[in-house]
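Trainee: So the chains spell out like this:
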Amino acid sequence: MTRYAGRGFAAINYPIGMNLGGDPAQALVHSTPDGKFMVTLSAIDLGQGMKSVTRQIAAEALGVPMEDVYVDTADSDTGPHDMGSFASRGTHRVGNAVIRASSEARAQMMEAAAEELEVNATDLDTDGQGNIHVKGAPQRKITVAETAIAAQFKQGRTLSGRGIFLIEPSGVDPDTGEMSPVTTYAHAALIVDLTVDDETGEVTVDKINSAYEVGRALNPKLVEQQLIGGAWMGVSHALYETTEPYYPDRAHGPEDFNTYLMPGPGEIVPHDIAVLERPAADAPYGGKGPGEMCANPVLPAVANAVYNAVGVRVDKLPITPEKILRGLQAQGGAKPGPRRPGTQ
Amino acid sequence: MPKKPMSFTLNDAETGVFVEEGQNLLEALRRGAGDLSPKFGCGQGTCGACTVLIDGAPHLSCLTLAEAAASRRVETTGGLAAGPELHPLQTAFMEGFAAQCGFCTGGMLMVAKALLAENPRPTREEVIEAISGNLCRCTGYGPIVDAILTAAARMQGRAA
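Keeping their order, the protein sequence lines are chains A and B. Residue numbers for the first sequence follow the working numbering, so the first one is 974 and each next one is one higher. Residue numbers for the second sequence follow the working numbering, so the first one is 41 and each next one is one higher.
It is worth saying that the hints were derived from the structure and are not from the lab. Among the hints, erroneous ones may be present.
To be verified - Not the full set, but computed from the structure, chain A residues with beta-carbon under 7 Å of chain B:
no. : residue
1   : Leu1019
2   : Gly1020
3   : Lys1194
4   : Gln1198
5   : Ile1201
6   : Gly1202
7   : Trp1205
8   : Phe1230
9   : Asn1231
10  : Gly1237
11  : Pro1238
12  : Gly1239
13  : Ile1241
As the list claims (entries may be wrong) - Some chain B residues flagged as far from chain A (calculated, every beta-carbon gap over 12 Å):
no. : residue
14  : Met41
15  : Lys44
16  : Asp75
17  : Ala108
18  : Gly119
19  : Gln130
20  : Ala154
21  : Ala157
22  : Glu158
Because the structure is a prediction, the values reported are computed rather than measured. Note that CB positions come from ideal geometry on N, CA and C, so glycine has one too.
Please work from the sequences and hints to get the whole structure.
Mentor: Below is the structure:
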């Protein structure tokens, strides 16, 4: 038996969201009488950090502390319309809607504060700590909580805002099929180092190195963790997971977690990530978000690395030991590709 | 179906629930005792999301008959924090971003708690072995292993 090392590379340009129908997202923001703000969305947080990031965005646009902002994403019956959490669109589409809703609520908050301080709203600013003050005279101030109380019980004014973000719909050219699917792309490049055992056909992924350009990383730790977890999913998709191993024959198809193969904590792959921050012009505070591309480039990079290791080109996922062994048999053994200088 | 009263200790509190014959502990905890911290994942003991401790040992509550916990000491994630004070495992999970969707987190925390009670200085391999019955689909496991090692170190006053 010999273990062959291989290296594979993949790079992607990844569309942020989709276009058909303009891919709209809505947000509503309202204050409670004690000066907290509620952001109501129908976008769903399924662990990617939607709530955390929209909370940061709303706090920034409102000019209030993040602790004073709540995000409710629970229910599409009661929340404003959103297309959903898919197509890597969340941060970009929903974030933009939240900025608009928050800006409208902020304008009302400043009007209410201006009335209390007897100044023009344009002369006021927020300190991000829960206070609204006259520009250049920070001692002339009112708290956001006092402003909300005055608006609610004295002025009869709501501190609320509506926001929708819609990209310019792009029709499909009937002759050429040409269209502009999105307004912005994220980018990534990823290298996989792995070893292939020519006797068992097993692949061990040894190392992932990646570089991601996601606009501004609005929450760097969440970005990093999403990229780490997503790459794990990519490895899993590339090498392990299938519900139909002999499609369309159901034979040997898994029926539950006992027989559905996934890598576990024993197959953790070391992953070095470089996040390049290039704020995007039409993105909320420049953030596009990692989204689906945290998993996608891993698959072609693994396939390329297997080819580099033993010369077997597998074009159906997952790349199982059986497929590798059949490939090795067909070509009469391992045919390693070129090595990088200094590697074995 | 007739229901029988059953009492046990849930996170140090004497608790009574009515259980149906054949009802599993997970249902008794979630519906009977109102503790939603153990999760229903697969319902067949393969994902670990329902893990609770019975007399300190991890059990899959979806496969455990409720009555098997009668008069015993049951611990869930719902009882990990002491008032506002988080358990060191919870703090380490939070700081280390060891949860994304959070569905597996309760089970992970309970097997980790049992591990550290038995083995306060686990190696990385021992942590991996301990959580190998718990599925996570978000994090890639790395941050979870790191968080458990960090908590172990802190609970002993060591640097991680």
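Trainee: Go through the numbered hints given earlier and state which of them the structure violates, listing their numbers in rising order.
Mentor: none
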